[in-house]
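Participant: Each chain is listed here by its residues.
Protein chains: 4
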Amino acid sequence: MRLTPDAKGVFPIAPTPFHPDGRIDEASIDRMTDFYGEIGATGLTVLGIMGEAPKLDGAEAVAVASRVIRRTKLPVVIGVSAPGFAAMGSLTRAVMDAGAAAVMIAPPPSLRTDDQIVGYYAQAAEVIGPDVPFVIQDYPLTLSVVMTPGVIRRIVTDNANCVMLKHEDWPGLEKISALRAFQRDGSLRPISILCGNGGLFLDFECERGADGANTGYAFPEMLVDVVRLSAAGERERAHDVFDAHLPLLRYEQQPGLGLAVRKYVMMRRGILASDAQRKPGAGLSATARAEVDFLLERLGRHDPRARV
Amino acid sequence: MRLTPDAKGVFPIAPTPFHPDGRIDEASIDRMTDFYGEIGATGLTVLGIMGEAPKLDGAEAVAVASRVIRRTKLPVVIGVSAPGFAAMGSLTRAVMDAGAAAVMIAPPPSLRTDDQIVGYYAQAAEVIGPDVPFVIQDYPLTLSVVMTPGVIRRIVTDNANCVMLKHEDWPGLEKISALRAFQRDGSLRPISILCGNGGLFLDFECERGADGANTGYAFPEMLVDVVRLSAAGERERAHDVFDAHLPLLRYEQQPGLGLAVRKYVMMRRGILASDAQRKPGAGLSATARAEVDFLLERLGRHDPRARV
Amino acid sequence: MRLTPDAKGVFPIAPTPFHPDGRIDEASIDRMTDFYGEIGATGLTVLGIMGEAPKLDGAEAVAVASRVIRRTKLPVVIGVSAPGFAAMGSLTRAVMDAGAAAVMIAPPPSLRTDDQIVGYYAQAAEVIGPDVPFVIQDYPLTLSVVMTPGVIRRIVTDNANCVMLKHEDWPGLEKISALRAFQRDGSLRPISILCGNGGLFLDFECERGADGANTGYAFPEMLVDVVRLSAAGERERAHDVFDAHLPLLRYEQQPGLGLAVRKYVMMRRGILASDAQRKPGAGLSATARAEVDFLLERLGRHDPRARV
Amino acid sequence: MRLTPDAKGVFPIAPTPFHPDGRIDEASIDRMTDFYGEIGATGLTVLGIMGEAPKLDGAEAVAVASRVIRRTKLPVVIGVSAPGFAAMGSLTRAVMDAGAAAVMIAPPPSLRTDDQIVGYYAQAAEVIGPDVPFVIQDYPLTLSVVMTPGVIRRIVTDNANCVMLKHEDWPGLEKISALRAFQRDGSLRPISILCGNGGLFLDFECERGADGANTGYAFPEMLVDVVRLSAAGERERAHDVFDAHLPLLRYEQQPGLGLAVRKYVMMRRGILASDAQRKPGAGLSATARAEVDFLLERLGRHDPRARV
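Protein chains in written order, with this note's numbering: chain B, 49 to 356; chain R, 49 to 356; chain G, 49 to 356; chain P, 49 to 356.
Mixed in with the good hints there might be a few duds.
Here are the simulated lysine to any residue pairs, SDA-like style, with alpha carbons at most 25 Å apart [to be verified]:
(1) R:LYS327 x B:ALA226
(2) G:LYS327 x P:THR161
(3) G:LYS327 x R:ASP179
(4) R:LYS327 x G:SER192
(5) B:LYS56 x B:LYS327
(6) P:LYS121 x P:ARG317
(7) P:LYS327 x G:VAL166
(8) R:LYS327 x G:LYS56
(9) G:LYS327 x P:LYS121
(10) G:LYS327 x R:ASP163
(11) G:LYS327 x P:ARG317
(12) R:LYS121 x R:LEU191
(13) P:LYS327 x B:SER138
(14) P:LYS56 x P:LYS121
(15) G:LYS56 x G:ARG202
(16) P:LYS327 x B:THR205
(17) R:LYS327 x G:PRO131
Label pairs and their calculated CB-CB ranges [unchecked claim]:
(18) G:PRO352 x P:GLY281: 25 to 31 Å
(19) R:ASP341 x P:THR335: 56 to 62 Å
(20) R:ASP78 x B:ASP288: 37 to 43 Å
It is worth saying that the hints were derived from the structure and are not from the lab. All values reported here derive from a predicted model rather than from experimental measurement. Backbone N, C-alpha and C fix where the C-beta goes; we use that ideal spot for every residue, glycine too.
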């Protein structure tokens, strides 16, 4: 099952569960994978930036990806961003053999000009091969590479195996509108747009034409709700659900600290056995944990799923 | 009236009002200045990054600052960040002569090491002179200069005229805690900490020990409420007020686009005659304006002040 | 006399002479201006990055530019790069009124995409007005903005008053070849290309099609020689002259330190009364001065002009 | 044989030889390794930035390192910089088992504050283990991490297994003087300083107290000569040798292009069978090759080793 340009819904960015001593926690991988399936996710992304991918060595990365793929019937996208094409190619071959649906590729931070970005994706597409679908990760805040709508159009047009955009530019609403306008005027073929950036603008992203979410908020049920309600035209209800979660979501979206919040909440929800990150990883102070607890308690008044 | 380390409350970051043709709108300056006084601001900051300071020439900058200073009884802080010390010195002398309470200084983006940052502030402090109080602007997202708590302590210790930190690191809650811990252990003298970053974490910043807000959200009344309620120990009420505004506040905090949102809302509130920015300035699309209108309408259900 | 696209030869980047106490040294400005005229410069650039432009306030900048313009019959280009268009416009009007031949505009470091760069120059060209010729400064090492040959072509094509490229990309030889190829294939109108970057590749830049040099090496006579010999087809002699100077030129080209070396050598040559820079400015250690003296002594064996 | 703080001489940065089709060229590895031994190198560094390390997958990296180690009696340093500690640890264990003398670690580009840099090296030192000597790579131009002399002193002091600094700051002469002054005042224990940055300042770096060179210039014989002559107090002769090579060395030191020049010259010298780089790699244009040929011909008049 390969990923296609009509993918929609919610593809959670799965964290990688670790034991406190740094070993990979396989039982939590299974439990988390099952959880995502049960709450209505339509796919999964593994080994993304929030999946602590660079902290795994090559064999571990393949093992984690394979375990998730075997466990779920959902299409699984694997992050294969790497400092060089040899490692990207090796990992891609291994995970596609294991049954992955696609790979996700972020641009290296050194890229500056439009041509450099387009050229990089052309080379990457050659390395992974024409049969492997890929997802563009557009995340300037962390990657410091800025892609205009026109550059994205060039990448999609040049590479038939580009099927999805993980959109997490910030601000990014006008970019979604621009890409959808390209499609309407016939200058861009159909492509799935799923939004990241912690979900901070998911309410409006759906209204602008996004197909859903591709991010890791610790209550992905909310993401599923917002995408569904928005698609059903229930605008006020979509915003109501979103707004109730926004105080916590905003807290989780802090750069560098967000993963610690996410894992802590997923631990409190019983999905992960531990909130451990591999080194180097910023843990939560006691005060920060108490703040998250307070936000959960307040959220629980609006959303019973948060009563953990 | 010079700024002192016991400043607290809300110092709004004032935008600079323009007519649609780019001229400075003096009537709107007066109306805005009066408005800030009426809603309980305890000070004002003019010519900050969101004040479009680099778009004014030297004479205009002095004129805008002087007009605000004459109009209000509140202490006024003037942003004097400049690519060189000659311009910083000239502007400082002019605005202090006009009655400013202090100046605010951001580090130039080229600074990297701890010693470079500390050295820059030592030179800047010499340029403005020992009688002029100054505010450190700590805003890594935009300025790409990262100051540890230890570096801030060195700057405060080295320069007796450093009286305030405009804190807008992100994430930044632990930094407030660290600085307040320095004060408790006697290694840092008292300093005012007012928080920026659009107010996105003001609810918890107050709880961590901040003295208030120094940001420009278009409903500064909410900032005043949160600071007051938090100081009074009314934690739940402070969060209730904050959470009601968070969907709009989050929309306004988009980098590059935020000022357009802020000016648009202030225009709809009747504070500014126009939401014009000087070139280059990102305007709002029709869709974005409709989104802001929608957020205002939803906010108005919780906060009657938003029924504009 | 306005600058035109057929400018060639050597336009030295003039430093701004200061007294040790930071005041502008007008006698040295005059002596330096005369010197440049005598050694065969074909133009002058004032208030460039190496002219310590940001350390001057607005009135000083106009005064320095005007003094040079009055003193020389050569065309004078004035650097007007500024954090905002208001200051750029004011300075441009003042120096053009004073008789400048053109202005030079560097892109602000925040620009990333091709469209952002092209858009910036369109706005700047509008601010200075269609009658003012301008020079693009393409200097990625310091400005962190990367312009492809295609982007430069778009800027030149969009703005009839763009007459020169100050080329200091690194590496940059292929860029000169690419731009000249654009001209041969008819896709780019004629434009002057003068090279900066301390002159480190001037020997080959001339052979690739550059029209000359636009940099500040303390022995601009060498730049004049290399441009002249290269234009005359005296390849080996051009390289001989260049190579003799390369050890010192390389020493002068150190980022952050180069201006101190340049001013020190110009002081030893009797052109400047002092090698002082305004704060903040990196001075030379005693060891560094001795190293420069040693290089001068060695250079003097090949080039009698270096026997100072 | 583990690397110790009294290492001196020339440790060439070895390129990784490839066949034109991208396969590793093992015969050239052997020939190159022998060559370095014959011309007086005192050690070797493999898998550095100029060794195209990120283009190798994990198994290839170990294979290349092991082949060099087996082939030579010189101490071999292996670059193990990686985006995460898991890969760094795996590669370190493998190459130390294979007989490496030490590993070299560059800081990731995201580090900003002094404490972040010091903390990173503490974690890296823990990952590789106390028995593995390591080399700090200090290369701000490419890595955008700026280390003060004080930060280097903290890293050396905190980690007993730090034995060498690969110094390639630019400008960097004062940094060598500062570190040696720390040793004289007793605040820093002995450490080897070998200089990189293409050798562009090796003439003075030796005089400032460096122990030698750690760079990849295609005529490492010159590096050996300069280090030897400088150590012997033959200052003028050291500079004569250096100056003769400077036009070519400067050409080879172009960022992004330098490796292509280096491999081309090593191919012309018969050391490498091909100048191929793995993708993505900037090749030389015909014009650039002709320029290198011209420089070689001119160099051959002074140094018979360049008559290739």
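Participant: Next step is simple, just say for each hint if it's right about the structure.
Facilitator: Right, here's what the structure says about each hint:
1. With a CA separation close to 22 Å, the supplied pair LYS327 (chain R) and ALA226 (chain B) stays within the 25 Å bound.
2. At roughly 24 Å between alpha-carbon atoms, LYS327 (chain G) and THR161 (chain P) fall within 25 Å of each other, so this suggested pair holds.
3. A C-alpha spacing of about 20 Å is found between LYS327 (chain G) and ASP179 (chain R), which places the hinted pair at or below 25 Å, so the restraint holds.
4. A distance of roughly 22 Å separates the Cα atoms of LYS327 (chain R) and SER192 (chain G); the hinted pair therefore holds under the 25 Å criterion.
5. The hinted pair formed by LYS56 (chain B) and LYS327 (chain B) fails the criterion: a straight-line CA distance of about 34 Å is larger than 25 Å.
6. The suggested pairing of LYS121 (chain P) with ARG317 (chain P) holds, with an alpha-carbon distance near 23 Å, which does not exceed 25 Å.
7. The straight-line distance between the Cα atoms of LYS327 (chain P) and VAL166 (chain G) is roughly 30 Å, outside the 25 Å bound, and the hint therefore fails.
8. Between LYS327 (chain R) and LYS56 (chain G) the alpha-carbon distance is near 34 Å, which puts this suggested pair outside the 25 Å criterion.
9. Our distance criterion of 25 Å between C-alpha atoms is broken by LYS327 (chain G) and LYS121 (chain P), whose separation comes to about 52 Å.
10. A C-alpha spacing of about 16 Å is found between LYS327 (chain G) and ASP163 (chain R), which places the hinted pair at or below 25 Å, so the restraint holds.
11. Using a Cα cut-off of 25 Å, the hinted pair LYS327 (chain G) and ARG317 (chain P) is violated, with the two alpha carbons roughly 49 Å apart.
12. A C-alpha spacing of about 31 Å is found between LYS121 (chain R) and LEU191 (chain R), which places the hinted pair above 25 Å, so the restraint is violated.
13. The hinted pair formed by LYS327 (chain P) and SER138 (chain B) meets the criterion: a straight-line CA distance of about 15 Å does not exceed 25 Å.
14. For the hint linking LYS56 (chain P) to LYS121 (chain P), the alpha-carbon distance of about 16 Å falls within 25 Å, and the restraint holds.
15. A threshold of 25 Å between alpha carbons decides the hint, and for LYS56 (chain G) with ARG202 (chain G) the separation of about 22 Å falls inside it, so the pair holds.
16. A C-alpha spacing of about 22 Å is found between LYS327 (chain P) and THR205 (chain B), which places the hinted pair at or below 25 Å, so the restraint holds.
17. For the given pair, LYS327 (chain R) sits about 12 Å from PRO131 (chain G) by alpha-carbon distance, which is consistent with the 25 Å threshold.
18. Distance hint for PRO352 (chain G) and GLY281 (chain P): a CB-CB separation of about 29 Å, consistent with the stated range 25 to 31 Å.
19. Take ASP341 (chain R) and THR335 (chain P): their Cβ atoms lie about 59 Å apart, and the range 56 to 62 Å holds.
20. A hinted range of 37 to 43 Å holds for the C-beta pair ASP78 (chain R) and ASP288 (chain B), which are about 40 Å apart.
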